[in-house]
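Undergrad: Single-letter residue listing:
2 protein chains.
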Amino acid sequence: MNQTIQLADGNGGEENNKLINAIFFEAYGNDILRKNEDAAVIEEGTLAFTTDSFTISPIFFSGGDIGKISICGTCNDLAMMGAKPTYLTCAVMIEEGFAMDDLKRITASIKTELAKNGAQIVSGDTKIVPKGSVDKIFINTSGVGKIAHKGISSNNISENDVIIVSGDIGRHGAAIFANREGIDISTTLQSDCASLWPVVEKLLSGGITPTAMRDATRGGVAAVLNEWSKQSKICIEIDEVTVPICDEVKGICELLGFEAYNLANEGTFVLAVKKDQAEQALHILRAHELGQNATIIGEVTQRYTERVVLRSEYGTSRFLDLPTGELLPRIC
Amino acid sequence: MNQTIQLADGNGGEENNKLINAIFFEAYGNDILRKNEDAAVIEEGTLAFTTDSFTISPIFFSGGDIGKISICGTCNDLAMMGAKPTYLTCAVMIEEGFAMDDLKRITASIKTELAKNGAQIVSGDTKIVPKGSVDKIFINTSGVGKIAHKGISSNNISENDVIIVSGDIGRHGAAIFANREGIDISTTLQSDCASLWPVVEKLLSGGITPTAMRDATRGGVAAVLNEWSKQSKICIEIDEVTVPICDEVKGICELLGFEAYNLANEGTFVLAVKKDQAEQALHILRAHELGQNATIIGEVTQRYTERVVLRSEYGTSRFLDLPTGELLPRIC
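Residue numbers (this note's numbering), protein chains in the order written: chain A, 1415 to 1746; chain Z, 1415 to 1746.
Bound conformation, chain A alone (with noise of 0.2 Å):
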């Protein structure tokens, strides 16, 4: 380990997963926190909990904003474990000086977020901080959910699972460099920074029983990918043909060197789905709007076990690792 933290040791990859065994489960660590899970089940498989914490740059972002992401985040986490999002904390931490009309607007996006999630906020805190003290603003959500679909977990995927994701990967990543950047392509990409919840209702009272699914946030495709096949002790393999990626972000990836895989999303979710509910889960996931794009992308294979493999349409195949190095702090 190095002697101080780096960036990379945020990166929601391979650095970031180094730290967090060597010190964090090193020190507290347990059976629950081991799982590595979206969120922790608790009190008989009944409910699941769990935390974020929200520190992107800039605020405001085409698509959203650091209140709109900060019940997303949350509320996203417990949806990827069958949850239906119900209580939540909300913890402020204020710069001196924060313009107040700034701040309004951001607890405006978190009242209308928890509207479509059907939460609420049940505690708070807040901190004010000297000028200097923390960039702006950075906010805590925790979230308490009720488990409507028990079982859901990242260590039982099969070769009886496909992979789907819910639609085009990496719009969070590249709009937010494209706004800190200020690459003026803002008004055709934006984040996709959406509440999941309602469409992973959808899918449950559809009658889908996922096998896993996670936000493809930090880390992306690619990190999720490369847990769940060494969670599961798979391989994952992936016909690169199938993922579905826009226009904008390609052309941002083009541009910059960036792997699409490894761009963060915040509203889009990749599936662990048995083959024979594949079908029914992406007509349920198009027939709503934040799954139009939805596609099976993948199959579980014991070819790598813990591996990720990527298969071009012309037959080569090559590794797809969890991401090293951090291209974009601050992403959420």
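Be aware that one or more of the hints could be misleading.
All copies of an identical chain are treated as equivalent in the list; a pair is satisfied when it fits inside any one copy or across any two copies.
Mimicking DSS-like on lysine-lysine, the simulated pairs with C-alpha atoms at most 30 Å apart in a straight line are [stated by the list, open to error]:
1. K1644 to K1525
2. K1644 to K1498
3. K1518 to K1449
4. K1644 to K1664
5. K1564 to K1498
In case anyone wonders, no lab produced these hints; they're calculated from the structure.
Model the placement of chain Z on the given structure of chain A, informed by the hints.
TA: The following block gives chain Z in isolation, referenced to the frame of chain A:
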């Protein structure tokens, strides 16, 4: 309201309450949030849920560090609602370049304090931000506790209750101030930072049914008593001579013109207990290392409803108001 956020807006006192009401409650207030308890009561009164972010400076102080206070703070909010701290989340926001050894000291403190509460961290989050975006490290903890005794509420205090403090007041605020200013009394003055569940458990198992309990953090005893007087529509009369204050805290207050009632505590709490249980409560508190200086400091009357009165030993009296302004930002 001001057009920008001021330091005083996070003081745990009057300006803080105004900000919370005008901005946060206005946007997403609801019945649970407006109860203004230390923790929200959810799931038909069986669970308590709370959050707290910690921005304290310095991160290592006499009597604790940001890891210890992060666990004490949230667990104490649960304990104050009669809930056993059970499941915690821990989200760290770290500045690039932070020393790994300091992070290890902090996680070691977290581990120690979790054990005292019998709680575990079930979900975490790690954000690393570029140098200058946050001052060293901020930590958010949220917690779910199992309510061992239902009905504890700051809204139900009546003339049948007496007011007790569990120990001498103001030590956390005074110690942080001394640490920050380099006043060398750290050998004798330490923060009272401590986990309160062990002593609360003794009270509950000893048959005490507290009307209300609150740890006197930001805003100190003055904030607790004023909020209680408003929430329960009562007058609280305090006999000044009975309030325990150690010599070091008295010294700092005299030197700098502070009011000990306004100084933060992190392991000292205020109780409203039925008169006929008061002696037994004192007996249990004093038998515990965290309650050796427990004392009855006042009574509940209807003299000036929604106000707190300090009675001097000479028979005079004055109002104790909610703290205003901000003398000590980043106290927790």
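Undergrad: Which holds for K1644 with K1525 at a C-alpha limit of 30 Å: within a copy, between copies, both or neither?
TA: between (38 Å within a copy, 27 Å between copies)
Undergrad: Please work out whether the CA atoms of K1644 and K1498 approach to 30 Å or closer within one copy, between two copies, in both situations, or in neither?
TA: within (27 Å within a copy, 35 Å between copies)
Undergrad: At 30 Å max between alpha carbons, let me know whether K1518 reaches K1449 within a copy, between copies, both or neither.
TA: between (38 Å within a copy, 22 Å between copies)
Undergrad: Between the shortest in-copy and the shortest cross-copy C-alpha distance, which are at most 30 Å for K1644 and K1664: within, between, both, or neither?
TA: within (28 Å within a copy, 59 Å between copies)
Undergrad: When no copy is named, should K1564 and K1498 be tagged within, between, both, or neither for a Cα gap of at most 30 Å?
TA: both (12 Å within a copy, 26 Å between copies)
Violation of the numbered hints given earlier is absent; every hint is satisfied by the structure.
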